[in-house]
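Sequence lines, in order, name chains R and G.
Residues 1 to 442 (full-length UniProt numbering) make up the first sequence, in order.
Residues 1 to 442 (full-length UniProt numbering) make up the second sequence, in order.
One thing to keep in mind: the hints can contain errors.
Since copy identity is lost for identical chains, a pair holds within one copy or between any two.
Once the Cα atoms are required to be at most 25 Å apart in a straight line, the calculated DSS-like pairs of lysine-lysine come out as [unchecked claim]: (1) K217 to K197; (2) K40 to K426; (3) K383 to K324.
Simulated from the structure, these hints should not be mistaken for lab results.
Number of protein chains: 2
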Amino acid sequence: MLLQNEDVINYNVDWLRRFRGNSRLVLRPKTTEHISKILKYCNERRLAVVPQGGNTGLVGGSVPLFDEIILSTQLMNEIINFDCNSGVLTCQSGCVLENLSANVSEHGYMMPLDLGSKGSCNIGGNISTNAGGIRLIRFGSLHGSTLGLEAVTADGSVIDCLTSMRKDNVGYHLKHLFIGSEGTLGIVTKVSILCPKAPSSVNLALLGCSNFDDVLKILALTKSNLGEILSAFEFLDAVSMRCSERYLSQKCPIQSAPFYVLIETSGSNDDHDQEKLGGLLEAVSSSGLIVDGTLATDLSKISTLWKLRESITLGLLEDGFCYKYDVSLPLSSFYDIVTLMEDKLKELPYLKVCGYGHVADGNLHFNVTSRIYDERISGTIEKELYKFVASAGGSISAEHGVGQFKRDHMTDVKSPEVLSLMRNIKSIMDPHCILNPYKVIP
Amino acid sequence: MLLQNEDVINYNVDWLRRFRGNSRLVLRPKTTEHISKILKYCNERRLAVVPQGGNTGLVGGSVPLFDEIILSTQLMNEIINFDCNSGVLTCQSGCVLENLSANVSEHGYMMPLDLGSKGSCNIGGNISTNAGGIRLIRFGSLHGSTLGLEAVTADGSVIDCLTSMRKDNVGYHLKHLFIGSEGTLGIVTKVSILCPKAPSSVNLALLGCSNFDDVLKILALTKSNLGEILSAFEFLDAVSMRCSERYLSQKCPIQSAPFYVLIETSGSNDDHDQEKLGGLLEAVSSSGLIVDGTLATDLSKISTLWKLRESITLGLLEDGFCYKYDVSLPLSSFYDIVTLMEDKLKELPYLKVCGYGHVADGNLHFNVTSRIYDERISGTIEKELYKFVASAGGSISAEHGVGQFKRDHMTDVKSPEVLSLMRNIKSIMDPHCILNPYKVIP
Numbered sequence: 001m002l003l004q005n006e007d008v009i010n011y012n013v014d015w016l017r018r019f020r021g022n023s024r025l026v027l028r029p030k031t032t033e034h035i036s037k038i039l040k041y042c043n044e045r046r047l048a049v050v051p052q053g054g055n056t057g058l059v060g061g062s063v064p065l066f067d068e069i070i071l072s073t074q075l076m077n078e079i080i081n082f083d084c085n086s087g088v089l090t091c092q093s094g095c096v097l098e099n100l101s102a103n104v105s106e107h108g109y110m111m112p113l114d115l116g117s118k119g120s121c122n123i124g125g126n127i128s129t130n131a132g133g134i135r136l137i138r139f140g141s142l143h144g145s146t147l148g149l150e151a152v153t154a155d156g157s158v159i160d161c162l163t164s165m166r167k168d169n170v171g172y173h174l175k176h177l178f179i180g181s182e183g184t185l186g187i188v189t190k191v192s193i194l195c196p197k198a199p200s201s202v203n204l205a206l207l208g209c210s211n212f213d214d215v216l217k218i219l220a221l222t223k224s225n226l227g228e229i230l231s232a233f234e235f236l237d238a239v240s241m242r243c244s245e246r247y248l249s250q251k252c253p254i255q256s257a258p259f260y261v262l263i264e265t266s267g268s269n270d271d272h273d274q275e276k277l278g279g280l281l282e283a284v285s286s287s288g289l290i291v292d293g294t295l296a297t298d299l300s301k302i303s304t305l306w307k308l309r310e311s312i313t314l315g316l317l318e319d320g321f322c323y324k325y326d327v328s329l330p331l332s333s334f335y336d337i338v339t340l341m342e343d344k345l346k347e348l349p350y351l352k353v354c355g356y357g358h359v360a361d362g363n364l365h366f367n368v369t370s371r372i373y374d375e376r377i378s379g380t381i382e383k384e385l386y387k388f389v390a391s392a393g394g395s396i397s398a399e400h401g402v403g404q405f406k407r408d409h410m411t412d413v414k415s416p417e418v419l420s421l422m423r424n425i426k427s428i429m430d431p432h433c434i435l436n437p438y439k440v441i442p
Numbered sequence: 001m002l003l004q005n006e007d008v009i010n011y012n013v014d015w016l017r018r019f020r021g022n023s024r025l026v027l028r029p030k031t032t033e034h035i036s037k038i039l040k041y042c043n044e045r046r047l048a049v050v051p052q053g054g055n056t057g058l059v060g061g062s063v064p065l066f067d068e069i070i071l072s073t074q075l076m077n078e079i080i081n082f083d084c085n086s087g088v089l090t091c092q093s094g095c096v097l098e099n100l101s102a103n104v105s106e107h108g109y110m111m112p113l114d115l116g117s118k119g120s121c122n123i124g125g126n127i128s129t130n131a132g133g134i135r136l137i138r139f140g141s142l143h144g145s146t147l148g149l150e151a152v153t154a155d156g157s158v159i160d161c162l163t164s165m166r167k168d169n170v171g172y173h174l175k176h177l178f179i180g181s182e183g184t185l186g187i188v189t190k191v192s193i194l195c196p197k198a199p200s201s202v203n204l205a206l207l208g209c210s211n212f213d214d215v216l217k218i219l220a221l222t223k224s225n226l227g228e229i230l231s232a233f234e235f236l237d238a239v240s241m242r243c244s245e246r247y248l249s250q251k252c253p254i255q256s257a258p259f260y261v262l263i264e265t266s267g268s269n270d271d272h273d274q275e276k277l278g279g280l281l282e283a284v285s286s287s288g289l290i291v292d293g294t295l296a297t298d299l300s301k302i303s304t305l306w307k308l309r310e311s312i313t314l315g316l317l318e319d320g321f322c323y324k325y326d327v328s329l330p331l332s333s334f335y336d337i338v339t340l341m342e343d344k345l346k347e348l349p350y351l352k353v354c355g356y357g358h359v360a361d362g363n364l365h366f367n368v369t370s371r372i373y374d375e376r377i378s379g380t381i382e383k384e385l386y387k388f389v390a391s392a393g394g395s396i397s398a399e400h401g402v403g404q405f406k407r408d409h410m411t412d413v414k415s416p417e418v419l420s421l422m423r424n425i426k427s428i429m430d431p432h433c434i435l436n437p438y439k440v441i442p
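Please build the complete structure, drawing on both the sequences and the hints.
Structure follows, in structure tokens:
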């Protein structure tokens, strides 16, 4: 159950290799009872604990700052039950998202979320960070899809909210406290998730357009034309696309353009869906909103096109260091920040500025690369970006969370009353601050 | 802003006329600032306050037990903004649901929830009780649709979580604490709600079937055939239908049957939807699952059919007194409880036992009527029903909440650890227990 050698190093460093702790102890419990005993022990002795799932987070939330004990859920990977009638999956929190997807797809269902990191991330970490991803536009956030969960608070108490009913309106809706609190209020041990039926028809269109205004016009037309079958609407700028092409050693199959959108439909009737999508493509084409486009209706081409979107992150990392930001913005000022930042950074040794993400959800992934980490670059970005986001009424973290990365900016965007309530909640659920210390709460 | 005469009586009695308080003071503030000042004053002087919206709740949550001050939000009925691009509605909490529906429908949108009480209930009350209703199957619960809210806690602190962004992953997701906590943690003053686009095609089928197993078979076929356009799947038993017919003085348009289902589709293409629905009707018909059926495609017939479902509650009340219960149950034992209860009640002077509700969400509305209220009847029901629900892994309140009605049963269904966490949260947000005392928390 413990490791005390070189292996420990991998648990100390985050996925982006930006944050590094010095823990000498990794515990890998297999059951809720183990976690309860560990936390009780640590709480009594005031030993700090960092919960870690797949360690794919992007804000330094799952690695220690100092010598905190790492509590990894990676051995808690049991699927407890899948109900084929209701589509409810119940499992331990350390299950890898992709494994869960494979499991439920055997029964004709799909997971309600899909992330680039699906091969490594754990469902418990997804829930603890309220991960978003490309299917949120269709299936909503994990606050809706998570029917129940079990979590252990700092003193070892097991909070059993693991219902598999779709509706339970009895007392406070405690599960939501654990969703998105990044392991600072408790460690999620089991979850039950409502899985949607897998679609029998999936189509994906990749379109290129010459300016961002046209992206927004396509979005409006997409909502009207595709209605209930729209399952993803993603955008990439040209810089993002070039990074992905470089990483994949593969050219984008359509003519170069300043902006690209990926539009996915998922439905229950192929003819209907293709008719709806055909109508959309005709509309965007006849309105002169696109410069080129391609349509994929078979799984292998769909998967190839999706790779162009999914490989941006890895492509960016090839430059050396990637400064990753994840914000919500109103669509009226959504892409302006990219142009603005290019201007602000122009004296500094950066390599690329790019934007991509879940435009239909108002969620921009803003990225800058440089050869090595340079504090002047991150300093300039953070000074400008967060000010811009706050003044536009956006959010400084759309789906990645706060972790240690954005903790100091909490006071800029949340009122004293809101922060005080957060601190009070922390104080009753983790009075000695042993759970994921130095994260989230400023 | 205050009343001190006979008017006060109406605020003291709940909609079912089961619970009655003795408050002599009703405050009707118009702004968040008013509520903040009132609560600060009351908190300092330890004066108890009952928040009240449309007073349409069914568990005695919105009326006082003793002489608590009633704080009605009915004058806080301002629509602050509707964003036609994003579909985000921002308004004060005292807006009546039906008025909001009318407002957003002018812009081609709809509210994500629809309730029988829509003509009176307030959106703040809907959120505070996490109201469900017939559209939950399609649009999910208010935990998903509510993008943000503003609430005032006991000491008058204004908790501003009123984002209109779809994603905000910064710190604890506090809004969820107010959703479903029935005014015991704070008073919701403003909300922002994500409204779905109004469908351009709506169809409704009413089917009669001879046993409950066939209802479940129809549900399974409906999910496969209708896929993404299914917007409601309700069931009524024959007793419920008779009550509704009596209240409406109108006969159900199809042949009598022991069970009925209402299946609604909402989509963006009439031809596609009718083809899908046609496929379903052919499937249920050729499988011998229905005894009769009718299809409505125009709004006036759709509305007439929906009235058969919506009028059950009023029809039941014509008997004298109605014992209303709202539970979640696994589908395998969903309707068994109705037959079981008929047996348990047979020596008592009850008039009717019936079941109806949101079967696709596992939500049964179980009702019994008698001429006048008789404690032996409610005693028998509660003894048997809650035991049955607990042993089946259901919930003793699916969508109505706890209020004062089910408070004493909380300890039967929630673990000591869960109850302790609820009490701790209450203690930091309302340390002197001035907010809706004697409700929810046992």
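Checked hints:
1. K217 to K197: between (30 Å within a copy, 17 Å between copies)
2. K40 to K426: both (17 Å within a copy, 24 Å between copies)
3. K383 to K324: So K383 and K324 pass the 25 Å test inside one copy only (14 Å; across, 57 Å).
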